[in-house]
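> Based on the hints, put chain B in the right spot on chain A.
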Amino acid sequence: MMKKIKVGIIGSGNIGTDLLMKIQRSNFIECTIFVGRNLNSKGMKIANEIGVRISDKSIQFFIDEPDAVDIVFDATSATFHKRHAPIFAKLGIKAIDMTPSQIGDMCVPAINLMDCVDSENVNMITCGGQASIPIAHCIANTYKDVKYIETVSVISSKSAGPGTRANLDEYIDNTEKGLKELALCDNVKSIININPAEPSIDMQTSIFAYLEECDLSLLNAPIKEMVATIQQYVPGYKIAIDALYENNRLMVMVRVKGLGDYLPSYAGNLDIINCAAISVAEAMAAKIQLQRKDHA
Amino acid sequence: MPKISISDATLRDGNHAIRHQLSKSDISIYAKAAEAAGIGMLEVGHGNGLGASSMQVGLAKETDTTVLSAARDELSNTLLSVHVIPGFATKNRDIKNAIDIGVDVFRIASHVTEADITQRHISYVREKGKKVLGVLMMSHMAEVDVLVEEAMKMEYYGAQGIVIMDSAGAYLPHDVNERITALRKELKGNVGFHGHNNLSLAVANSIEAINCGATIIDGCAKGFGAGAGNTQLEPLIAVCDKLGHETGVNLYKMLDASDVASQFVETVPIVSPTSVISGLSGVFSGYLKRVELVAKEFSVDPRDIFVELGKLKVVAGQEDMILKVALELAEG
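From first to last, the protein sequence lines stand for chains A and B. Going from the first sequence to this note's numbering is simple: count from 1 and add 38. Going from the second sequence to this note's numbering is simple: count from 1 and add 9.
Hints are computed from structural coordinates only; laboratory data are not their basis. Hints are not guaranteed to be accurate.
[Stated by the list, open to error] Derived BS3-like pairs: lysine-lysine, alpha-carbon spacing no greater than 27 angstroms straight-line: (1) Lys33(B) / Lys100(B); (2) Lys162(B) / Lys80(A); (3) Lys185(A) / Lys100(B); (4) Lys185(A) / Lys70(B); (5) Lys70(B) / Lys182(A); (6) Lys276(A) / Lys185(A); (7) Lys295(A) / Lys322(B); (8) Lys162(B) / Lys196(A); (9) Lys322(B) / Lys196(A); (10) Lys320(B) / Lys196(A); (11) Lys320(B) / Lys276(A); (12) Lys215(A) / Lys105(B); (13) Lys120(A) / Lys100(B); (14) Lys322(B) / Lys276(A); (15) Lys218(A) / Lys105(B); (16) Lys215(A) / Lys100(B); (17) Lys218(A) / Lys70(B); (18) Lys320(B) / Lys295(A); (19) Lys120(A) / Lys137(B); (20) Lys215(A) / Lys70(B).
Quantities reported herein were computed from a predicted structural model and do not represent experimental measurements.
One chain only, chain A, in its complex shape:
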C-alpha cells in the first residue's frame, strides 16, 4: 500500500475534532498534527489520547515546520482564514477551507471534485451548501429557465457551535455564492434556522425552485444519480421528500444523518461538510502520490 499523505488540522472546535476522527479511517491521508490555541480544549485532549501530535502555536506551527504536511484543513473562522490563506500559499501547503471566507475555489465534490484537485485553496462553502447545491445543480441542469432557487437548512441547536452562531451572515453569503457558481442560477436565496428540539433533529435542507412549468419525471434519474454519488462520501445523505411541484414551486427535501464520530448522528451538518472536505483531500493526496511516483 502507498504511504499516506500527511495532513494537518488547524482549529480544534467541533469541525476540527470531527475531521480528526474521520481522517483516522482514511486509506489515503493521515493527520500528523492537530493545531489550536489551547492545549486544554476538548478537541486537543482527544487528539492527544489517540496519539496525534498537538500544538497550541496556531499558524506559527506551520511557519516553523513548513514541511510537516502537504495539506491543511482550516477549521478556524473566516476572519482567521483570511490571515492564514496567504501564509499557506507561500509555504506551499494546500488549504482546504472549512470557513465561509470566500477565498478559495468553491467545491461540492459530487459536482466539481476534479476541477479542485489542483487548487491551492479550496473552499467547502457551508454545510447547507454541501447538502443543497447538488440538488439545485440537478434542477438547473434539468429545466431551462429556472428563475429562482432557494435553500433552507435547519440544524439542531446542539450542532451549532459558537463559530456557526456568530457567522450566520457569512453562512448565508457563502451558500448563495456557491449556489450561483455551482447551480448556475443568478437569483438565489439561502436561509438557515436553528432548532433546539430535544431529542435533536437531524440536519435537513429544503431546495425550492421557481418554474413556470415542470415535468417532474425528468428529475428522477438525475437526482437518483446525484444522491448515489453523494452517498459515496456521505452515507447518511438521503431524500426526505421526493420532488413536489405546486403553484410554480418545485420542492425537494433532503436529510443528513451523521456518522456520529465526534458529535452525535443528528449533526449531519458537520458530517456532510467534513466528509466532503476529506474526499477533496483524498483526491489531492492521490494526485500528490502520482507526482511523487513520476519524480522517483
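Chain B in isolation, oriented as in the chain A frame:
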C-alpha cells in the same frame, strides 16, 4: 405609573394573515392613520421580517424597500420599526438598506433559546446609533430561568429593551405574570410583551404584563395578525385608558385607524377551531394559512397537522415541515 409604549404590528404581523400581500398603498394609508393616532412604534414588513420574502415562508407582494419607504414618508412622531431574524436577514443585504431608508427601531429576534445568534446584528445596529430591541420568539418553549438568561444575553449585546413573544398564543395570565416579573427583576432596560389570541387571552395577558412592569406592548388594529390574530389595539387602548395607563394613543383616532385597516383586512382574525388547537399545541401562529392550504390539498385534518407539529417542537420558519407532516398523515 410609567408610560406604556405601544408597538403597532398591523403592517408586519398582519402580513401573515394575508400571505404577505400587503400593498404599498395599504402601508401608506395605515401608517398615516397610526401617526395620527399617536402610536409609539409602527412595525412594517414581511411577516417574518426583513429579508424574509421566500418560497419557504411566503413571497411578499412588495419589496422591503418599497414598504419601508412608503411608511417612512408618512411618519414623523411615530417611530418606524422592523422585525429582523438572523438566518433570514443579513447586515449587508438587509439591515444596512433599512438604516439608509430611515428605520428608527430594529427588533432583532431569535427563537427563545437561541439569543446568541443576535449578537452581531444587535451590536451592528447599536454602532449605527439606532434603537435596538431584542425579541424572543416562541417564548413559551423555554423554562423561565432559560428565558431570563437569554434575555440577559440580548441586553448584554446592547439591546435597549426585551420583548417576549407569545407566538403561539399559548400563555395563560399566570404564565405571563411569572415571566414578566422575572424579567423585570433581572433586566435594566424595558420589558415588552407580544400576545396572540388563540385562547382569547391576548388583551388580558397584555394587561397582566403591564401590571408586572412591562412598558412595551405589541398589538394590531383588528387583531390583524398571524393565526387567531394579535392583541387587538382598539380594546387594549380602551382598557389602558380605563386603568389609567398612559399610552400616548388617542382612542378615537385609534378607532379611526381601525376603520382605515378595514380597507385591507380581508377577514378579521377569529379564534377558529384550528387556532384553538394551534394554541394548545404551542405551534407558531404564522403557520395557520399554510396549514389550512396543505390540509386541503392532502385531505387531512388541519388540527392533526398542528398536533404533530407541536410534538416535533418546530420553531418559526420551519414551514417546509408542514408539508412533511401532512404527507405522513396522508399516508397514514
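> Tell me if the straight-line CA distance from Lys322(B) to Lys276(A) falls inside 27 angstroms.
It holds: about 22 angstroms lies between the C-alpha atoms, which stays within 27 angstroms.
> Run the distance test for Lys162(B) versus Lys80(A): straight-line Cα separation, threshold 27 angstroms.
holds (25 angstroms)
> Please work out if Lys322(B) and Lys196(A) have their alpha carbons no farther apart than 27 angstroms.
holds (15 angstroms)
> Going straight from one Cα to the other, do Lys120(A) and Lys137(B) come out at no more than 27 angstroms?
Roughly 26 angstroms separates the two Cα atoms, so the pair holds.
> With the threshold set at 27 angstroms, check whether the alpha-carbon distance from Lys295(A) to Lys322(B) stays at or below it.
OK: Lys295(A) and Lys322(B) at ~19 angstroms, within 27 angstroms.
> Decide if the proposed pair is consistent with the structure: Lys218(A) and Lys70(B), CA atoms, cutoff 27 angstroms inclusive.
Between Lys218(A) and Lys70(B) the Cα gap is close to 24 angstroms, so the pair holds against 27 angstroms.
> Can you confirm whether the C-alpha distance between Lys320(B) and Lys276(A) stays at or below 27 angstroms?
Given pair Lys320(B), Lys276(A) holds - Cα atoms ~23 angstroms apart, limit 27 angstroms.
> Do the alpha carbons of Lys215(A) and Lys100(B) lie within 27 angstroms of each other, as the hint requires?
holds (16 angstroms)
> Within a Cα-Cα threshold of 27 angstroms, do Lys185(A) and Lys70(B) meet the stated pairing?
Holds. Lys185(A) to Lys70(B) sits at ~17 angstroms (cutoff 27 angstroms).
> Holds or violated: Lys33(B) and Lys100(B), Cα atoms, limit 27 angstroms.
Given pair Lys33(B), Lys100(B) holds - Cα atoms ~24 angstroms apart, limit 27 angstroms.
> Do the alpha carbons of Lys320(B) and Lys295(A) lie within 27 angstroms of each other, as the hint requires?
Holds, at about 20 angstroms.
> Can you confirm whether the C-alpha distance between Lys215(A) and Lys105(B) stays at or below 27 angstroms?
Status holds; Cα separation ~20 angstroms.
When the structure is compared with the earlier hints, no violation turns up for any of them.
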